[in-house]
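Residue numbers (the working numbering), protein chains in the order written: chain X, 3 to 516; chain B, 3 to 516.
Check before you lean on any hint, since a few could be wrong.
For chains that are exact copies, the list does not tell them apart, and a pair is met inside one copy or across any two.
As the list claims (entries may be wrong) - Listed below are the simulated EDC-like cross-link pairs for lysine to aspartate or glutamate, each with C-alpha atoms no more than 20 angstroms apart in a straight line:
{"hint": "1", "residue 1": "Lys-414", "residue 2": "Glu-39"}
{"hint": "2", "residue 1": "Lys-314", "residue 2": "Glu-460"}
{"hint": "3", "residue 1": "Lys-314", "residue 2": "Glu-15"}
{"hint": "4", "residue 1": "Lys-314", "residue 2": "Glu-450"}
{"hint": "5", "residue 1": "Lys-479", "residue 2": "Glu-142"}
{"hint": "6", "residue 1": "Lys-414", "residue 2": "Glu-34"}
{"hint": "7", "residue 1": "Lys-414", "residue 2": "Glu-42"}
{"hint": "8", "residue 1": "Lys-74", "residue 2": "Asp-85"}
{"hint": "9", "residue 1": "Lys-512", "residue 2": "Glu-169"}
{"hint": "10", "residue 1": "Lys-70", "residue 2": "Glu-53"}
{"hint": "11", "residue 1": "Lys-74", "residue 2": "Asp-242"}
{"hint": "12", "residue 1": "Lys-74", "residue 2": "Glu-63"}
Hints are computed from structural coordinates only; laboratory data are not their basis. Just so you know, these numbers come straight off a predicted model, no measurement behind them.
There are 2 protein chains.
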Amino acid sequence: MNRRAARRQRRTESPLLKIPFRTLRNPWPPLEAASPEQIERLHLASLHILENVGIDFLDPEALDLWAKAGAKVDRAAQHVWLDRGLVMELVSKAPPSFTWRARNSERDVIIGGNSIAFGPPGGMAYAIDLENGRRPGTMEDHEKFLKLSQMCNVLHFASWGQVETQEVPVSVRHLRRLRAGFALTDKAMMEAAHGREITADNLAMAEIVFGDSSTSSGQGRDCGPVIGDVINVNSPLRYDARMLGGLITYARAGQVCFITPFILAGAMSPITVAAALAQQNAEALAGVALTQVVRPGAPVIYGGFTTNVDMKSGSPAFGTPEGAWALIVGAQLARRYKLPYRGSGSLTTAKTPDAQAAWETQWTLWPCVLAHTNLIMHAVGWMEGGLTVSFEKFIIDAETLAMFYHFLEGFKIDEETLALDMIAEVGPGGHHFGTSHTQARYSTEFYESFLTDRQGYESWLAAGGHDAAQRANALWKDLLAHYEPPPLDPAIKEALDDYVARRERELEGKNLYE
Amino acid sequence: MNRRAARRQRRTESPLLKIPFRTLRNPWPPLEAASPEQIERLHLASLHILENVGIDFLDPEALDLWAKAGAKVDRAAQHVWLDRGLVMELVSKAPPSFTWRARNSERDVIIGGNSIAFGPPGGMAYAIDLENGRRPGTMEDHEKFLKLSQMCNVLHFASWGQVETQEVPVSVRHLRRLRAGFALTDKAMMEAAHGREITADNLAMAEIVFGDSSTSSGQGRDCGPVIGDVINVNSPLRYDARMLGGLITYARAGQVCFITPFILAGAMSPITVAAALAQQNAEALAGVALTQVVRPGAPVIYGGFTTNVDMKSGSPAFGTPEGAWALIVGAQLARRYKLPYRGSGSLTTAKTPDAQAAWETQWTLWPCVLAHTNLIMHAVGWMEGGLTVSFEKFIIDAETLAMFYHFLEGFKIDEETLALDMIAEVGPGGHHFGTSHTQARYSTEFYESFLTDRQGYESWLAAGGHDAAQRANALWKDLLAHYEPPPLDPAIKEALDDYVARRERELEGKNLYE
Chain X
3 MNRRAARRQR
13 RTESPLLKIP
23 FRTLRNPWPP
33 LEAASPEQIE
43 RLHLASLHIL
53 ENVGIDFLDP
63 EALDLWAKAG
73 AKVDRAAQHV
83 WLDRGLVMEL
93 VSKAPPSFTW
103 RARNSERDVI
113 IGGNSIAFGP
123 PGGMAYAIDL
133 ENGRRPGTME
143 DHEKFLKLSQ
153 MCNVLHFASW
163 GQVETQEVPV
173 SVRHLRRLRA
183 GFALTDKAMM
193 EAAHGREITA
203 DNLAMAEIVF
213 GDSSTSSGQG
223 RDCGPVIGDV
233 INVNSPLRYD
243 ARMLGGLITY
253 ARAGQVCFIT
263 PFILAGAMSP
273 ITVAAALAQQ
283 NAEALAGVAL
293 TQVVRPGAPV
303 IYGGFTTNVD
313 MKSGSPAFGT
323 PEGAWALIVG
333 AQLARRYKLP
343 YRGSGSLTTA
353 KTPDAQAAWE
363 TQWTLWPCVL
373 AHTNLIMHAV
383 GWMEGGLTVS
393 FEKFIIDAET
403 LAMFYHFLEG
413 FKIDEETLAL
423 DMIAEVGPGG
433 HHFGTSHTQA
443 RYSTEFYESF
453 LTDRQGYESW
463 LAAGGHDAAQ
473 RANALWKDLL
483 AHYEPPPLDP
493 AIKEALDDYV
503 ARRERELEGK
513 NLYE
Chain B
3 MNRRAARRQR
13 RTESPLLKIP
23 FRTLRNPWPP
33 LEAASPEQIE
43 RLHLASLHIL
53 ENVGIDFLDP
63 EALDLWAKAG
73 AKVDRAAQHV
83 WLDRGLVMEL
93 VSKAPPSFTW
103 RARNSERDVI
113 IGGNSIAFGP
123 PGGMAYAIDL
133 ENGRRPGTME
143 DHEKFLKLSQ
153 MCNVLHFASW
163 GQVETQEVPV
173 SVRHLRRLRA
183 GFALTDKAMM
193 EAAHGREITA
203 DNLAMAEIVF
213 GDSSTSSGQG
223 RDCGPVIGDV
233 INVNSPLRYD
243 ARMLGGLITY
253 ARAGQVCFIT
263 PFILAGAMSP
273 ITVAAALAQQ
283 NAEALAGVAL
293 TQVVRPGAPV
303 IYGGFTTNVD
313 MKSGSPAFGT
323 PEGAWALIVG
333 AQLARRYKLP
343 YRGSGSLTTA
353 KTPDAQAAWE
363 TQWTLWPCVL
373 AHTNLIMHAV
383 GWMEGGLTVS
393 FEKFIIDAET
403 LAMFYHFLEG
413 FKIDEETLAL
423 DMIAEVGPGG
433 HHFGTSHTQA
443 RYSTEFYESF
453 LTDRQGYESW
463 LAAGGHDAAQ
473 RANALWKDLL
483 AHYEPPPLDP
493 AIKEALDDYV
503 ARRERELEGK
513 NLYE
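The following block holds chain X by itself, in its conformation from the complex:
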């Protein structure tokens, strides 16, 4: 860090910036909402669906792979039935945990076991902040969110589309996004698993950054996962060509697929949560199994994104009791198969970072964290059912993540912390503010909030009477003013620039999403 940067950091001193990057673990037994017998019943229902109803796979190579693996395939209908023995054999080949590498190895992410990795939103159409309101996302917004993701160590990885760069031509968005991602952060990186051509570009750019240890060839030179993305299921029971192209390309290269059915109970599945989970489980198992057909041992995550529709409006509902059940029981199912589990995040339908935004977010994050979710995307800033990312909510939610870091550490119970001598010394009716025991721990003992206001009413009012969103507004602007990019070898930067320039010429006017 140069002297100017050091000076800046001293000046800012937000407790948010003092939190070191580290692996987060939940040391307690997972919260469970279904009995082992109920989990078995869901499991058997899923196998029944896979054997008797089957799943659409709208991609010729995927159908070939299934046929070779021994599944019953109807090529004309692009439909596959999966025998329970085949599915379970394939699923058992997936690793229970793995390390997702960052370009800065100190920021590698452990996925699995009782670890928890938080990440920013992905795929958001609009950005919103208190001054400028809601508008279509731009590269400028995306870069700001990448910088915030880099600075907030409560986040373990960065993501494409923290907001969509809507002014950039669709065919070259992935190139510019990923270049910005590698330049502005050194954390593990998501980039879109959209078909074969985009993923091939992503792998080529990852190869430039990760050098000899790159993974794009799939020839055995690779040394592990460096890039990943969500593979969504078009629920009910359908994988489309775009997602299958991404799944096959990433899995073949040993990269990370987050297999995630997106089910709104009552719309994409029967209305009952039991049915939604049985269907989610069937869909997820099919996708996980396919990654293992492509490459046994490929890193893969069992994802869930099941919630309910609002039956009044037909809109998705987030942060609901139904969503909490699905999160918790989804984790139980993933554990049954010894698979890492993905859930989300700071979900809400609120349009503004108000009390609703906060309570719906807590109703997602609490079950997520307590259920042993391993990878939590959209952990900050998500709003309006996933259409919008809010700068202020990014900071508001980061406070909750920081609290979970502290909370999950638990507290020590030993002679020193029991401090029976101090209790005796101070005695009845005394006070502990000034004791040596308190003074020695004054500034380190408690979680240090960066957003909470604990002033008295009159002082708070005199200071402007700002609510949490207004305070968050000041904080994200202050953070951005102090951003310093992580070091990147100029040769790598130049190679990325060259690659992007060449591919932009090649892809001009091409539709990668047809």
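Given the coordinates of chain X, assemble chain B onto it according to the supplied hints.
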């Protein structure tokens, strides 16, 4: 219900009013944050404190009771040392659960086991709402909150001082409050355990309401607990005369004492949470034991209200990771002694019902509910560190309580809810909106929110762009407009009026708090 009332109720139709009064239970194993060995270590540390440091009891009768029970008493110092054998023997006499009776027996409250009882705030100095801002509480405000507590079936009991009636002379406040409480609600009732004279009035008024089954005599005619209150400890290690007068009077009459140390770690105890909990446990056990000296088998609740101070401002901090640990481990300690457990609530230091108010509340309610807290006071509306009660936050928090009711019911997994036939019938790529299975459950399957806004951004904006607090404002006013008092025998009402009138004359100018 008369015709006019029926018409009104039809018109309102808030889902909040459709929730029936019922016992709430947490069917899952409790969340635990300490190992059995750690709990034992805290237990032993508490016994060490009771034996070697001791506790102040600033009341002559309490000292007499302790001396008769066999404790070591220093009358001059008003100090008592409690032998571990004596404490544990007394604590074992307290009932593990009991029923707290309401004047409407359909609203009796079960305290203990895995049941959860929610109640409104108590002891708040100010009221706040969006139109009128923050002001000292009045009887008018208190009555409004009593009405809301009566209407919201997510609350199991009502309370004195939902906001202090600051315009009423202190010496007669308890009389007017309790008369209003018995008139405006038929739920189980708290009234101040402040010394001997106030509690005697409370018992006399309860006798009027509960008739032959009253409890004021302590002569064996009583048929259980009908009134209760918090007995706060003046931490560290001191019970004052006011609280001891209340404890002795209520316990002798078989009424409910919520023994609750209020500890801010770093101020009223050493700064470490382990020490705070060891001290809390010592204080709580001493109070529980005293109730059993007074009357073996008296209903009593082990309470915890331990959190940390904000070391920057010296103010209490609520909704913190430290507070969550204390809540969870406090519940583990109460279970070790087979005692019902009290925790709180919708705690926050926010001055306005914003995101902070919501996240701090969730950081208290989630650990409370998951840890098997049996009685949760201050479950709605608490703000500003307990100084203020907010009409809007009352409704915002009621939404969370209603969500917990739904969440803790879990969901059924059986042939009907798995709906494998519907999954087969709709098949890949179809939709489930219109199926008979969905349509039959359309309006009943999901938790029905009364405050969440799930409209699209443009519709929300067109409808005024209201945040959660603004919507809550409309809702509490609508509820109050439709309030109907529960039936009360006119003879009882008259007897209460007579009692209050007589006692107001007797107490005029008297200081009950000297």
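Hint-by-hint comparison with the structure:
{"no.": "1", "hint": "Lys-414 - Glu-39", "result": "between (36 angstroms within a copy, 12 angstroms between copies)"}
{"no.": "2", "hint": "Lys-314 - Glu-460", "result": "between (42 angstroms within a copy, 17 angstroms between copies)"}
{"no.": "3", "hint": "Lys-314 - Glu-15", "result": "between (47 angstroms within a copy, 14 angstroms between copies)"}
{"no.": "4", "hint": "Lys-314 - Glu-450", "result": "between (42 angstroms within a copy, 9 angstroms between copies)"}
{"no.": "5", "hint": "Lys-479 - Glu-142", "result": "within (14 angstroms within a copy, 44 angstroms between copies)"}
{"no.": "6", "hint": "Lys-414 - Glu-34", "result": "between (26 angstroms within a copy, 15 angstroms between copies)"}
{"no.": "7", "hint": "Lys-414 - Glu-42", "result": "between (38 angstroms within a copy, 14 angstroms between copies)"}
{"no.": "8", "hint": "Lys-74 - Asp-85", "result": "within (8 angstroms within a copy, 75 angstroms between copies)"}
{"no.": "9", "hint": "Lys-512 - Glu-169", "result": "within (16 angstroms within a copy, 76 angstroms between copies)"}
{"no.": "10", "hint": "Lys-70 - Glu-53", "result": "within (17 angstroms within a copy, 75 angstroms between copies)"}
{"no.": "11", "hint": "Lys-74 - Asp-242", "result": "within (18 angstroms within a copy, 78 angstroms between copies)"}
{"no.": "12", "hint": "Lys-74 - Glu-63", "result": "within (15 angstroms within a copy, 84 angstroms between copies)"}
Consistency with the previously given hints is maintained throughout, with no hint failing.
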